[in-house]
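Top line first, the protein sequences correspond to chains A and B.
Counting the first sequence from 1 gives a position; the numbering used here is that position plus 72.
Counting the second sequence from 1 gives a position; the numbering used here is that position plus 72.
The set of hints was computed from the structure by calculation and includes no laboratory data.
Treat the hints with care, since some could be wrong.
Identical chains blur together in the list; that is why a pair holds if it fits in one copy or across any two.
Under the rule of at most 27 Å between Cα atoms (straight-line distance), these lysine-lysine pairs were calculated in the DSS-like manner [said to hold, decoys possible]:
{"no.": "1", "residue 1": "Lys399", "residue 2": "Lys103"}
{"no.": "2", "residue 1": "Lys477", "residue 2": "Lys251"}
{"no.": "3", "residue 1": "Lys284", "residue 2": "Lys382"}
{"no.": "4", "residue 1": "Lys399", "residue 2": "Lys512"}
{"no.": "5", "residue 1": "Lys509", "residue 2": "Lys208"}
{"no.": "6", "residue 1": "Lys172", "residue 2": "Lys498"}
{"no.": "7", "residue 1": "Lys414", "residue 2": "Lys274"}
{"no.": "8", "residue 1": "Lys267", "residue 2": "Lys478"}
{"no.": "9", "residue 1": "Lys165", "residue 2": "Lys327"}
{"no.": "10", "residue 1": "Lys381", "residue 2": "Lys172"}
{"no.": "11", "residue 1": "Lys101", "residue 2": "Lys557"}
{"no.": "12", "residue 1": "Lys399", "residue 2": "Lys415"}
{"no.": "13", "residue 1": "Lys419", "residue 2": "Lys267"}
{"no.": "14", "residue 1": "Lys267", "residue 2": "Lys477"}
{"no.": "15", "residue 1": "Lys103", "residue 2": "Lys320"}
{"no.": "16", "residue 1": "Lys503", "residue 2": "Lys440"}
{"no.": "17", "residue 1": "Lys399", "residue 2": "Lys477"}
{"no.": "18", "residue 1": "Lys477", "residue 2": "Lys183"}
{"no.": "19", "residue 1": "Lys381", "residue 2": "Lys509"}
{"no.": "20", "residue 1": "Lys103", "residue 2": "Lys557"}
{"no.": "21", "residue 1": "Lys321", "residue 2": "Lys559"}
{"no.": "22", "residue 1": "Lys103", "residue 2": "Lys327"}
{"no.": "23", "residue 1": "Lys399", "residue 2": "Lys503"}
{"no.": "24", "residue 1": "Lys208", "residue 2": "Lys478"}
{"no.": "25", "residue 1": "Lys503", "residue 2": "Lys478"}
{"no.": "26", "residue 1": "Lys183", "residue 2": "Lys100"}
{"no.": "27", "residue 1": "Lys498", "residue 2": "Lys440"}
Number of protein chains: 2
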Amino acid sequence: MAKGLPAGPGGATGQIVFTSEEAVAWAKKGKTVILVREETNPEDIEGMRSAQAILTARGGMTSHAALVARGWGKCCIVGAGTLKIEASKKTMKVGDLVLKEGDYISLNGSKGYIYNGQIPMIKAAEENPDFQAFMKLCDAVRTMKIRTNADTPEDAAKARVFGAEGIGLFRTEHMFYGKNAEKPLFILRKMIASKTEEERRKALNELFPYAKENIKQTLAAMDGYPVTIRTLDPPLHEFIPQNEDGRKKIADSLKITMQEFDRRADALHETNPMMGHRGVRLGITFPEITEMQVRAIFEATAELLKDKKKVFPEIMIPVTCTELELKNQYEIIGRIYDEVCKKFKLKEIPHLVGTMIEIPRAALTADKIAQSAQFFSFGTNDLTQMTFGFSRDDIGGFVPDYIEKKILPVDPFQVIDFEGVGQLMKVAVEKGRGTRKDLKIGICGEHGGEPASVEFCHSLGFNYVSCSPFRVPIARLAAAQAVIKQKSAKPAVKKSATKTASKKTVKK
Amino acid sequence: MAKGLPAGPGGATGQIVFTSEEAVAWAKKGKTVILVREETNPEDIEGMRSAQAILTARGGMTSHAALVARGWGKCCIVGAGTLKIEASKKTMKVGDLVLKEGDYISLNGSKGYIYNGQIPMIKAAEENPDFQAFMKLCDAVRTMKIRTNADTPEDAAKARVFGAEGIGLFRTEHMFYGKNAEKPLFILRKMIASKTEEERRKALNELFPYAKENIKQTLAAMDGYPVTIRTLDPPLHEFIPQNEDGRKKIADSLKITMQEFDRRADALHETNPMMGHRGVRLGITFPEITEMQVRAIFEATAELLKDKKKVFPEIMIPVTCTELELKNQYEIIGRIYDEVCKKFKLKEIPHLVGTMIEIPRAALTADKIAQSAQFFSFGTNDLTQMTFGFSRDDIGGFVPDYIEKKILPVDPFQVIDFEGVGQLMKVAVEKGRGTRKDLKIGICGEHGGEPASVEFCHSLGFNYVSCSPFRVPIARLAAAQAVIKQKSAKPAVKKSATKTASKKTVKK
């Protein structure tokens with residue numbers, strides 16, 4: 073019935089509404105709406121969020137509606153000039169046709185076509201043969217594997233639909249945040265507020281079945297694919313309840329006074345928690361935490377192996393800064409491994425043990441770290457924080473200025489800073505593979521789904537990138553493009569190969 | 073009259089007391105006391121702190137008294153077995169001689185000799201000819217200059233006595249902490265709570281005369297020597313008053329409500345202030361702050377030059393992570409420089425402009441940074457924090473464990489971590505001098521007075537180290553020892569020189 077600019081690709085069908093408030097109200101009632109506006113402004117945000125798609129009569133490809141919709145991956149058509157919208161009357165006219173609030177329309181956001189009435193939709197990934205065919209093309213070309221960051225069996229299942237070939241980051245702490253978290257979180261809090269190793273072990277024993285079940289479900293959902301399981305990462309004070317009631321419950325369960333509980337909780341406070349007592353540092357001061365987690369991983373794996381499942385856990389140690397941290401943790405992992413093999417009468421439990429590379433010192437000493445680690449996974453969020461000295465939570469005060477004044481070309485948390493952070497990554501890859509030729513290398517920072525960063529990872533010879541489930545298709549495409557780009561730039565590659573060769577000769 | 077083990081070098085003379093409480097009480101009355109104990113334990117700490125020196129009848133070179141005294145640089149003799157101490161009677165016997173509370177004795181802590189009565193003392197640095205002669209020996213050998221970190225003219229004067237050849241770190245923010253800080257601190261707080269550039273400029277204009285006078289006095293105290301002046305470094309929220317009264321005063325002066333003041337103050341809160349809005353980041357978002365500071369430096373210098381003083385300010389930009397930050401600040405510095413030259417009718421004002429290297433990214437991109445910077449000064453405290461991901465304020469929870477379990481050989485904030493942090497330093501020196509052959513390189517972190525770290529700086533070809541005034545003599549010695557060690561290890565040096573040469577040939 074009309075045509076506009078294809079501002080946000082994808083299809084949508086729904087009932088039209090003419091104000092942000094109506095969009096919110098209708099969506100709350102479970103209706104699928106398309107927000108129709110002359111043009112949008114920041115006050116329409118909540119309505120835009122609630123709507124299935126956005127349609128405007130004015131504005132170009134960089135109008136407010138277009139930018140917001142693309143940012144969200146939402147279907148959007150702008151600048152459909154033949155629409156005569158009368159918001160006050162809750163109608164819009166297209167030629168002689170008059171549509172009123174609640175009428176159905178459909179949009180093709182990839183072409184800018186607007187249709188009268190409902191058109192059946194298919195799911196973009198699961199049911200779209202064009203998407204499937206295109207992704208197959210990409211898969212045939214790319215050499216890197218694409219994994220996903222997933223903390224729940226549901227996320228894992230979703231990512232498989234998008235083509236993920238394993239999990240690159242499974243955060244064990246997620247069991248304390250999500251649904252059904254109440255009980256394990258309470259036990260964790262008891263553990264944190266414990267004073268003796270004995271008390272901590274008691275709490276950890278209580279926690280063990282939850283941890284094992286959580287890991288087991290995710291491993292099962294990824295049957296046939298590897299799952300990288302990261303040991304506890306956040307500083308413990310993050311889990312301390314803020315409300316009086318929550319604090320009292322834990323104090324009571326430990327039979328201590330509130331004063332004593334507050335004293336213990338306050339002692340955990342940190343000035344710069346990002347660089348505090350977290351990750352492997354917890355595993356070293358409280359080896360019983362590593363023990364519990366590793367036992368959960370091996371027992372979950374053993375039970376699935378007995379059920380003839382194909383499961384490949386990769387145990388990942390976070391926040392490593394020296395190889396001796398790994399050696400310390402490996403002693404624990406080895407001991408528990410032997411115990412579990414014996415308990416389940418298994419000759420071996422296939423697994424890898426590796427580390428995050430997210431601290432500059434880990435990158436700089438990757439040759440030594442690779443003596444213990446069977447894989448590296450770059451945590452480029454933290455690596456960017458430490459390399460720049462930028463606390464991601466606090467850059468709002470200056471990074472926008474930096475970008476405006478062109479001191480930074482782009483937010484380094486969006487696209488890998490090739491010059492600085494990338495330099496450390498390159499050093500780490502070269503040193504790591506210098507020690508261990510077959511070192512498996514991946515990335516699990518958010519950059520893992522950003523095309524320019526994916527290309528960079530390919531150029532460094534990564535085995536895989538891991539990103540959030542929805543970014544898996546774009547990562548598959550970017551990984552394929554990286555191969556093609558590298559091939560078309562072949563002469564340059566050859567030249568540098570010659571250089572390396574001549575250097576080698578000199579060394580002899 | 074007796075002899076013990078020389079546990080804490082140096083001399084002391086004073087009146088004897090037999091309990092920690094008496095030592096504290098007598099010292100409060102202005103008396104100089106020597107604490108005499110059978111042996112000491114942690115409960116004696118306050119008395120040991122109050123005493124001029126410590127003498128014990130028992131214990132060895134690693135006894136409690138010996139360890140504490142050496143840590144403090146305090147004169148101490150332990151294990152003087154011929155003393156018969158009767159603390160309850162407040163007497164001690166040496167053979168037939170009976171000394172009671174308040175009697176004078178003297179100690180030679182370097183030899184372990186104990187004398188009856190008062191012996192006149194000379195000041196260790198200023199008046200001791202042996203010290204002077206020994207330091208001269210060191211000075212003849214060493215090639216690195218030794219500077220001091222000093223924030224006040226008094227510190228500067230003290231450091232000159234110890235042989236400092238300039239100031240390597242003058243923190244401009246010190247004027248807001250020390251004595252006479254009340255007025256400038258109030259103005260600074262007004263500036264921080266200001267909302268518009270106009271308000272900020274007004275406050276900065278008020279602050280200007282204080283800043284100028286503060287810088288002028290220190291430059292004058294260092295007549296003949298260079299002074300490295302660092303522009304504002306800490307995050308602004310550090311200066312927000314905590315008490316109601318202080319907050320109200322500023323709100324009133326800005327004619328805003330307390331609610332509004334609190335809102336502005338809260339907006340400055342940071343999750344990880346170590347990696348927040350500080351250093352050059354402030355100078356970029358608020359260029360008027362850099363302007364004021366640079367104008368104060370150039371005007372102070374110009375006035376002293378007119379008085380025929382020899383002053384060499386070195387303007388140092390902190391927290392740099394990319395060369396474009398420097399270029400941004402240099403534009404401001406150049407503009408103010410021209411204005412001040414014109415105002416004072418001077419053809420030139422001798423000065424250097426350089427940067428701290430304290431962020432890993434700055435070290436990694438030192439080749440580009442050296443295009444603008446005339447000197448590098450390594451801030452190894454922060455560089456250690458970011459390289460390890462260790463917040464110095466928060467390592468109490470795990471670094472003691474790390475050292476006990478030998479995961480770290482030593483606290484990296486005491487001795488430079490040669491392997492990780494040192495690797496970044498080496499990269500920065502090589503890249504920096506690759507761009508600018510005569511790049512001046514120094515260190516102003518606390519490691520600058522630690523012997524092993526001083527030796528490492530020498531091995532990298534540093535021009536100077538800078539440390540706290542009291543550590544200047546040890547730095548002079550360590551710098552000389554570094555030269556001698558390097559000479560005796562000559563063959564190894566030669567080998568690496570050959571390697572470099574052959575590499576160069578290849579490049580041609």
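Verification of the supplied hints:
1. Lys399 - Lys103: Answer is neither; intra-copy 56 Å and inter-copy 55 Å both fail.
2. Lys477 - Lys251: neither (44 Å within a copy, 38 Å between copies)
3. Lys284 - Lys382: Within one copy only: 17 Å inside, 72 Å across.
4. Lys399 - Lys512: Classified as within; 19 Å inside a copy, 40 Å across copies.
5. Lys509 - Lys208: Cα proximity of Lys509 and Lys208: none, with 30 Å in one copy and 54 Å across.
6. Lys172 - Lys498: Answer is neither: 59 Å inside a copy and 71 Å across each miss the 27 Å cutoff.
7. Lys414 - Lys274: within (23 Å within a copy, 76 Å between copies)
8. Lys267 - Lys478: between (51 Å within a copy, 24 Å between copies)
9. Lys165 - Lys327: neither (71 Å within a copy, 54 Å between copies)
10. Lys381 - Lys172: Neither, since 55 Å and 84 Å both go past 27 Å.
11. Lys101 - Lys557: For Lys101 and Lys557, neither the intra-copy (49 Å) nor the inter-copy (81 Å) Cα distance is at most 27 Å.
12. Lys399 - Lys415: Result: close within a single copy only, 24 Å intra versus 64 Å inter.
13. Lys419 - Lys267: neither (38 Å within a copy, 69 Å between copies)
14. Lys267 - Lys477: between (51 Å within a copy, 20 Å between copies)
15. Lys103 - Lys320: neither (43 Å within a copy, 52 Å between copies)
16. Lys503 - Lys440: Both. Shortest intra-copy (8 Å) and inter-copy (24 Å) distances satisfy the 27 Å Cα cut-off.
17. Lys399 - Lys477: Close across copies (11 Å), not inside one copy (46 Å); limit 27 Å.
18. Lys477 - Lys183: Cα proximity of Lys477 and Lys183: none, with 36 Å in one copy and 64 Å across.
19. Lys381 - Lys509: neither (30 Å within a copy, 63 Å between copies)
20. Lys103 - Lys557: neither (45 Å within a copy, 80 Å between copies)
21. Lys321 - Lys559: neither (62 Å within a copy, 67 Å between copies)
22. Lys103 - Lys327: Classified as neither: same-chain Cα gap 51 Å, cross-chain 51 Å, threshold 27 Å.
23. Lys399 - Lys503: within (18 Å within a copy, 33 Å between copies)
24. Lys208 - Lys478: Classified as neither; 39 Å inside a copy, 51 Å across copies.
25. Lys503 - Lys478: Between. Shortest inter-copy distance 24 Å satisfies the 27 Å Cα cut-off; intra-copy 33 Å does not.
26. Lys183 - Lys100: neither (29 Å within a copy, 86 Å between copies)
27. Lys498 - Lys440: both (15 Å within a copy, 19 Å between copies)
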